[in-house]
Each structure stands twice: as structure tokens, then as C-alpha cells.
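Please arrange chain B on chain A, whose structure you already have, making use of the hints.
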Amino acid sequence: MPLMPKRVKYRKSQRGVAQGKTTRKKYHGPIRGFAQRGNFVAYGDYGLQALEGGWLSAECIEAGRITMTRFVSGEGRYYIRVFPHKPITAIPAETRMGKGKGEPEYWAAVVRPGQILFEIGGLPEAAARDCLARVAYKMPFKCRFVARRPSI
Amino acid sequence: MQTIATLKATPRPVRGTRAARKLRQQGLVPAIIYGHNQPNQAVAISRHDIDHIVRVQHSRMITLDLDGQQETVLIREVQWDVFGREIIHVDFQRKSAEEKVRVVVPIELRNSPKQAGGAVLDQPLHTVHVECPLGVIPEAIRVDITNLSVGHPIQVKDLPVPTGVRILEPPEAVVVQLKVPGAAAEAAAAPPGETPTAPEVIKKERKTEETEGDK
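So the sequence lines, in the order shown, correspond to chains A and B. For the first sequence, the working numbering begins at 1 and goes up steadily by one. For the second sequence, the working numbering begins at 1 and goes up steadily by one.
One chain only, chain A, in its complex shape (with noise of 0.2 Å):
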């Protein structure tokens, strides 16, 4: 089951921010800015971070979640860093336009460039990696592996 929230104020969210031909199309609209927080590894020892901005679907979020939990299974632990607060509405094919905005079609997180999506923790770095390989071919954005920053 994807991630969703329990109780929401409005059942439909404004689009946000979308301009861009190419982003606009793959990424449905660039998202102004960098992550200034949930940048870091926090809970884990390394993660996978975003490179790009864009929504992340709840069902991206699960399917990452199933490769982790395969992956990790009995050995380390992993961290979700992204919630889909967001919620996508859509209007249905061969429907003429107007008449008011669409249904709800999904949850979605919005992830901005720097944002870490997942972490490992309890896993050495090589068996790390190569699971954080295996959740990023499954994230619609280019993502790399990260480690702790050193704690000064």
C-alpha cells in the first residue's frame, strides 16, 4: 500500500511551480530551489540523494521501499526521508475541458535538487551501495550515493 497522508484539510492542492518544456513534460515542472533541509544523512550511514527536482509519486516511494526491504532483509535498516503530502489531481481521457478540476489521482512528494530520498544503516558500504543502485534505477530522478558528513 503507498504512502498516503490520514487526514487532510483539502482533498486538492494547487499544481505549484511548472514552467520548462522539456522538465515540464518529464518531471511535470521544475521545483524552484534547493533542498535547504533533509539534505544531509541523518539517521543511517549513507543515503541516496536527488540531483534533480520534481514529484515523487507514493508508488516510486513503495516500489523503493519493496527493493530495500529485499535487499536489507535480516541485516541493516533503512530510513524513508520523503512523505507524499502532496496530492495530484488528473482529468479523465476523451473529457472535454473545463468544468472544474479534476480527481485525485495520486499522492506525490516534492522533492527539490539535494534532497535525500532514502537511507541505509547497519549495511557495510559496499552492500550499501549496490542496494541504493538497485532504489535509484527505480527514481525518476538522477540521484548519487551519499555518506555522513563529517561530524565537526
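Among these hints, one or two may not hold up.
To be verified - Stretch-level coverage of chain A by chain B, calculated; a stretch enters the list once three of its residues show a Cβ under 8 Å from a Cβ in chain B:
#	segment
1	33-44
2	75-81
To be verified - Listed below are the simulated DMTMM-like cross-link pairs for lysine to aspartate or glutamate, each with C-alpha atoms no more than 25 Å apart in a straight line:
#	chain 1	residue 1	chain 2	residue 2
3	A	Lys101	B	Glu200
4	B	Lys203	A	Glu103
5	B	Lys203	A	Glu105
6	B	Lys8	B	Asp65
7	A	Lys6	B	Glu200
The hints are simulated quantities; they were obtained by calculation from the structure and are not laboratory data. Quick caveat: nothing in here was measured; it's all calculated off a predicted structure. The beta carbon of each residue, even a glycine, is placed where N, CA and C say it ideally should be.
Coordinates of chain B only, in the frame set by chain A:
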């Protein structure tokens, strides 16, 4: 104990975002020195050198060479870019080697548990706040987890601490433990029955009773 690194710094006469950005393009990092009731000194340091000190040497205590003057400083804060690749600013605090400081020290796990029994290693604390003289800041607190077992976590009070170092975290705080994965997974799983397809919408409560009462 950490090694004392040496770093060359040059005064930075111009401040501001644009000047700092130009410095970074030249391979330098803007930094500031403060403390000991002396005026603040804006300086520029080599990015390569500070990167080596932070990532490789893991030193916090630095002897800064500023126009021939030697100053002992502590790296108080390091600012990173949004991707965590490059250092963009450093705060240095003037300190003497005998002065007590409060810093964050990483915890390093050594070996692997002998009797894991299918449990998963969980480390809630990756760093601890410590108070110690500047000269004896440990590089890391290394914990041997060979004898770690389920139900017997390693707590802060069990950490091997060098003399002169005091940990500021609560003594009962768990550093590392073995968790049975099934328990967490069952708790996270949805309860049996109908799975919700859409979230509940919060609606305002109608004040019908109050209005009826007024009438």
C-alpha cells in the same frame, strides 16, 4: 587524540556575498575568526587544505598562520553546499589548548556482534556531545560491539571515554542495540480489515446545537 593541523590564512578585506563567491571561484573558502574578546577577523583559506583537514585528518584544533602570527583555533562550524560536496564557510574560535570546549564527537563501531540471532543493528546515536580540554579532544569514540546481544544495548555510560573527557548526553541513552526486525515490521503494517483508499478530510464542526439553543 586528534592531531593539530596547520593552516595558512590570509586576511579578507572585502565582505559580502559577491566577494565570497569570487573567493570560492579562486579555490578559496571564506572564514571568520572570533573569540577571546578580540575583534573578529575575516580570512580566506585554501579549500583543498581545509577539506583535507576535515575529511582526512579529522582535526578540530588548528594552528592558523595569519600573516606570520600563530593562533590556536577550534573549528566551531563548517557550512556545506546543498549537496554536501564542498565547504563554503568555516567558523574558527580562538581557544587555548587547556581551555575546556564542548564539541561533537563521532561514535565508531568496531567488529560485528557474535550472537546477532537474526536481529538488526540499530544505532540511534551516531555522535555525542562532550566537554574536554581542547588539546585532548578524541578523534572518535570507538565501541567494540562483539558482545552485543538482543535486549542488552550499549548505553552512553558504557562508552570507553578517555581521561579528561566528559560526555554530556544522558547516561541511559542507547548508543547501539540489536533489534528484532519482525517487531517493527508488524507495528508498521496496516491493521487487518479495510485499507483506506483516500485520506479523511477534516471538516469544520457545525454549531447546530448552539444556534438551536439561542433560538
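Violated constraints from the hint list, given by number and in increasing order
none
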